[in-house]
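Enquirer: The lines below spell out each chain.
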Amino acid sequence: MVLTIIGDDVATCTRRIKVVLFEKGVDFVIKPIDWTIREHKTEAYLEKQPFGQIPVLDDEGFILFESRAIGRYIATKYANQGTKLIPDPKDLKAVALFEQAACVEQADFEPAASGIAVEKFSNPYKGLATDEDKFQKHVEALNAKLDGYDRMLTKTKYLAGDEITLVDLWHLPHGEIAEKFAPEVFESHPKFYAWWQALKTRPSWIKANEKGNML
Amino acid sequence: MVLTIIGVDVSTCTRRVKVVLFEKGVDFVIKPVDWSTGEHKSEAHLAKQPFGQVPILDDEGFILFESRAIGRYIATKYANQGTKLIPDPKDLKAVALFEQAACVEQADFEPYVSGIAVEKLFNPLRGLAGDEDKFKKNVEALNAKLDGYERMLTRTKYLAGDVSAWNSKNIGLSMSLTMPATR
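Going down the list, the protein sequences come from chains A and B.
Using the working numbering, the first residue of the first sequence is number 11, and each one after it goes up by one.
Using the working numbering, the first residue of the second sequence is number 110, and each one after it goes up by one.
Hints in this document: simulated from the structure, not taken from any laboratory.
Be careful, since some hints might not be right.
Below are the SDA-like pairs computed for lysine to any residue, each with C-alpha atoms no more than 20 Å apart in a straight line [claimed, not checked]:
| # | chain 1 | residue 1 | chain 2 | residue 2 |
| --- | --- | --- | --- | --- |
| 1 | B | Lys157 | A | Glu115 |
| 2 | B | Lys193 | A | Lys147 |
| 3 | B | Lys150 | A | Asn153 |
| 4 | A | Lys87 | B | Asp200 |
| 5 | A | Lys147 | B | Phe244 |
Here are a few chain A residues that sit away from chain B, every Cβ distance over 10 Å (derived from the structure) [stated by the list, open to error]:
| # | residue |
| --- | --- |
| 6 | Asp18 |
| 7 | Val20 |
| 8 | Arg82 |
| 9 | Val105 |
| 10 | Gln110 |
| 11 | Ala117 |
| 12 | Pro121 |
| 13 | Leu138 |
| 14 | Glu142 |
| 15 | Asp157 |
| 16 | Tyr159 |
| 17 | Met162 |
| 18 | Gly171 |
| 19 | Phe191 |
| 20 | Glu197 |
A virtual CB, placed ideally from N, CA and C, is assigned to each residue, including glycine.
All chains should be built: construct the whole structure from the sequences, respecting the hints.
Expert: Right under this line is the structure:
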């Protein structure tokens, strides 16, 4: 049975998994959520994802949620094919630097980048007003954090070392929206920008966006 | 050389590391950072922690930052002593459920409890006004997220399964910070 992702082809967190699946060359199908019946809030769905969110992985009955956990599972289960995206668990220091980078993505990039996405994409999409003040605060916060990224990327080519890992790819879905609405923040951080350009032009990301994205 | 944590004894993130060290029975020292002189923003500190934050681990010259990454490193390096806090890397499904729980803590708990902490603890400590509106929004959001926690903890004793795991310790820490604030 092929891996099933319960989600939405264009959703940011579903595409965060798709890019990993394409890097690893793993077959999968997307089982779409029925938004018209708010399927993601039904009891049956909440059994699988207790927070009523997408995506969910179904690997022959093994259910897993959270896009980064799913990405880690795929990168580990299929360690021997495609791009190497996670260090060998026996390499204590490589794993530590990977986990450090994973924390940086979630604490120092995701809050501001997803905040920009909420104000400039999700809210208008739902017919809600953009809060310009919140948007500006997120842009300022991201701008400050990217100084830290420039320092990291002066020392190594990617965030966990000189090889690409899952953590670099995880920046793509919200980073793409943040770049559209605050390009000056990206362009004014040269090390970050060069790393970003390399990431977003990867064939796996282009393919992940083939069925459309939020922009 | 004993493990050194460069940090601030009372800070939330330093205590997030300390609790793991105590669970594992690992000796350490805290090397304080001088906040009053802005030491955490000095070039020397930024060379170790590029975002100007604490804590930092110095394990005989191996430098690591981010409290959760440090906790994972300690739990893995000292796997054979103290409380088992991270699954065996060979157990694919146990690791997957641990990582799922780790994501839940960072996405569904941390933003709201730390938001409450900012408005009710850190802002007043810095002489700034707490924003009641932001505080209330974080409380509402946390309230909704804890429905998800109830569903998870109906099935398993801890977030990643039935064995005590590191994520439950993170939550214990954040809750102890939230409780005084929400009272």
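Enquirer: Run every hint past the structure and note whether it holds.
Expert: Comparing the hints with the structure gives:
1. Lys157/B <-> Glu115/A: Since the Cα atoms of Lys157/B and Glu115/A sit roughly 17 Å apart, the hinted pair holds (cutoff 20 Å).
2. Lys193/B <-> Lys147/A: 41 Å, violated
3. Lys150/B <-> Asn153/A: Between Lys150/B and Asn153/A the Cα gap is close to 16 Å, so the pair holds against 20 Å.
4. Lys87/A <-> Asp200/B: 10 Å, holds
5. Lys147/A <-> Phe244/B: 17 Å, holds
6. Asp18: Its Cβ never comes within 10 Å of chain B, the nearest being 18 Å, so this holds.
7. Val20: 20 Å, holds
8. Arg82: 5 Å, violated
9. Val105: 7 Å, violated
10. Gln110: 4 Å, violated
11. Ala117: Incorrect as stated: the minimum Cβ-Cβ distance to chain B is 7 Å, not above 10 Å.
12. Pro121: 7 Å, violated
13. Leu138: About 15 Å separates Leu138/A from the closest Cβ of chain B, which puts it past 10 Å; holds.
14. Glu142: 17 Å, holds
15. Asp157: The assertion about Asp157/A is violated, with a minimum of 8 Å to chain B.
16. Tyr159: Nearest chain B Cβ is 8 Å from Tyr159/A, so the label is violated.
17. Met162: Contrary to the label, Met162/A does not stay out of reach of chain B, its closest Cβ about 5 Å off (not over 10 Å).
18. Gly171: The claim holds: Gly171/A sits with its nearest Cβ about 13 Å from chain B, beyond 10 Å.
19. Phe191: 21 Å, holds
20. Glu197: 20 Å, holds
Of the numbered hints listed earlier, those contradicted by the structure are 2, 8, 9, 10, 11, 12, 15, 16 and 17.
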